[in-house]
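Engineer: Chains A and B, in that order, give the protein sequences. Everything in the first sequence is counted per this note's numbering, starting at 1 for the first residue and increasing by one. Everything in the second sequence is counted per this note's numbering, starting at 1001 for the first residue and increasing by one.
Keep in mind the hints are simulated off the structure, nothing from the lab. Cβ coordinates follow ideal geometry from the N, Cα and C atoms, glycine included. Do not rely on the hints blindly, as some may be mistaken.
To be verified - No more than 25 angstroms apart at the CA atoms, straight line, and that leaves these computed lysine to any residue pairs for SDA-like: (1) B:Lys-1237 / B:Arg-1180; (2) B:Lys-1002 / A:Arg-19; (3) B:Lys-1002 / A:Leu-132; (4) A:Lys-4 / B:Lys-1056; (5) B:Lys-1245 / B:Glu-1204; (6) B:Lys-1056 / A:Glu-6; (7) B:Lys-1002 / A:Phe-100; (8) A:Lys-4 / B:Glu-1016; (9) B:Lys-1268 / B:Pro-1227; (10) B:Lys-1002 / A:Lys-92; (11) A:Lys-4 / B:Glu-1204; (12) B:Lys-1141 / B:Leu-1020; (13) A:Lys-4 / B:Lys-1141; (14) A:Lys-4 / B:Lys-1237; (15) B:Lys-1002 / A:Gly-34.
Stated by the list, open to error - Residues of chain B placed beyond 12 angstroms of chain A at every Cβ, according to the derived structure: (16) Asp-1053; (17) Asp-1068; (18) Ala-1088; (19) Thr-1139; (20) Ala-1148; (21) Leu-1157; (22) Phe-1186; (23) Arg-1222; (24) Lys-1237; (25) Asp-1240; (26) Lys-1280; (27) Ala-1284.
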Amino acid sequence: MAVKFEVNGKAVEIEVEPRLTLADCLRHHLRLTGTHVGCEHGVCGACTVLVNGAAVRSCLMLAVQAEGANVVTVEGLSRDEGLTPLQASFRKHHALQCGFCTPGMITTAHALLSEEPDCDADRVREVLSGNLCRCTGYISIVEAVLDARSAYKRGGTGA
Amino acid sequence: MKLPPFEYACPTSISEAVALLASHDGEAKPLAGGQSLVPMLAFRVAAPSLLVDLRKLADLRQIEITADGVTLGAMVRWREILDDTRLATAHPLLVAAVEHVAHYQIRNRGTVGGSMAHADPAAEMPGVAVTCEAQIAVTGKAGTRVIAASDFFVGPLMTVLKPDEIITEIRLPAWPAKRRFGFQEFARRRGDFALAAAAAFYDEDNGRARNAHVGVIGVADRPLRLPSVEAVINGQKIDDVLIAKAEAATSAGVDPADDIHASGAYRKALAGVMVERALKAAVA
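Put together the whole structure using the sequences plus the hints.
Structural biologist: Put into structure tokens, the structure is as follows:
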């Protein structure tokens, strides 16, 4: 069936099977492979995208459910040149190693910091508990997110 | 795994949704937030022929607070409960329980009606509903009926809902301002399903508890209310000695089975500890 929505500011209209997840739609149909698919049942957080501003697991949403929605993927949180403050903070704090979980970490952290730029370490840990990282041990990721708060507090989008 | 094939419909009225469900001989399923149903599809545990998406049913999205209590539309998301500042006084136990529901991203999508219909024995909302004597309004092709939460759950992932019925509202009785309560949950990792959790509340008369309600999740095939523990509490002053009795009565009152996550003996002890901690939180 036909579905229309917006991805990273661009309108898209595609024909999909109802059973296609939003994650697979983004990756295979729209070639936005920054969204990673880890567990495919809502546990690992790698596929997190923003739907109407809220962080959601795109493997637990059907593409057809995105009808009319505004979807932002990790590609939409980057710049053509240079790093965003959130990306720069991840690099500064060595908040990634293999990088598989990073798109989900960035999208989740972006949603959190946009809503709660004053969040403390406990809140960052609570929110990131839905994103698995098998390399870093999380400490550097939490530090990177905390350090990026200033970019969001200044009224910036961080992106 | 990829999801099995199904048809998809997105009705704009409850009657249309019910007609769609009724037209598929019990093979159609309502889709609320999808945070339990989509994993079930991915595991191929469920393979409905039709998904009826309830997202356009705006009537199911309301949180209504009156002198009679709190009515949650079935499509109210966890996030909306946590963001509604009125609920801090209108139903603090509900808020305390919802804080334990899954993870941030799941709470942005998951719904109260979806959780009730899914009926996981370790899920918070069914536990709150049973403990608080909630009423569940459902609509099907035979019309609307209201079911007591205590009659709603019949086993793991099993309810009395008929294939053509959808939950429309969960009605929680009014919450007096001075009521004392606690909600305590233990899971191995934050956001995991509870190994056990307890909800407890009581009102006070001259320093003594009355109207005690105690419920536990994760220790049976459905959420349980524990009248034997409530009997220990009612009419008593809540102190450490009484709380120890309530803990013992809880462990004696549940008989969880062994499973891959924990032994039955462990969960039996844990349920007692959760009630102990919930009562300590209530007293504090």
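Engineer: Next pair to validate is B:Lys-1002 with A:Gly-34; report whether the Cα-Cα distance is within 25 angstroms.
Structural biologist: holds, 19 angstroms
Engineer: Run the C-beta distances from B:Ala-1148 to all of chain A and say if the shortest one exceeds 12 angstroms.
Structural biologist: At about 31 angstroms from chain A, B:Ala-1148 clears the 12 angstroms cut-off, so the statement holds.
Engineer: CA of B:Lys-1245 to CA of B:Glu-1204, is that 25 angstroms or under?
Structural biologist: holds, 19 angstroms
Engineer: For the pair supplied as a hint, A:Lys-4 and B:Glu-1204, is the alpha-carbon distance within the 25 angstroms limit?
Structural biologist: violated, 56 angstroms
Engineer: Hint check: B:Lys-1056 vs A:Glu-6, CA-CA at most 25 angstroms. Holds or violated?
Structural biologist: Distance of about 19 angstroms is within 25 angstroms: holds.
Engineer: Given the hint that B:Lys-1237 pairs with B:Arg-1180, test it: the Cα-Cα distance must not exceed 25 angstroms.
Structural biologist: holds, 13 angstroms
Engineer: With a cut-off of 25 angstroms on the C-alpha distance, tell me whether A:Lys-4 and B:Lys-1237 pass.
Structural biologist: Given that 25 angstroms is the threshold and the Cα spacing comes to 61 angstroms, the pair is violated.
Engineer: Non-interface claim for B:Ala-1088: all C-beta distances to chain A beyond 12 angstroms?
Structural biologist: holds, 17 angstroms
Engineer: For A:Lys-4 and B:Lys-1141, compute the direct alpha-carbon distance and say whether it is at most 25 angstroms.
Structural biologist: Violated, at roughly 32 angstroms.
Engineer: Holds or violated: B:Lys-1141 with B:Leu-1020, Cα cutoff 25 angstroms?
Structural biologist: holds, 10 angstroms
Engineer: Was B:Arg-1222 rightly flagged as not at the interface, with every chain A Cβ beyond 12 angstroms?
Structural biologist: Its Cβ never comes within 12 angstroms of chain A, the nearest being 23 angstroms, so this holds.
Engineer: Keeping to a limit of 25 angstroms between CA atoms, is the pair of B:Lys-1268 and B:Pro-1227 held or broken?
Structural biologist: holds, 16 angstroms
Violated hints for the displayed structure, listed by number in ascending order: 10, 11, 13, 14 and 16.
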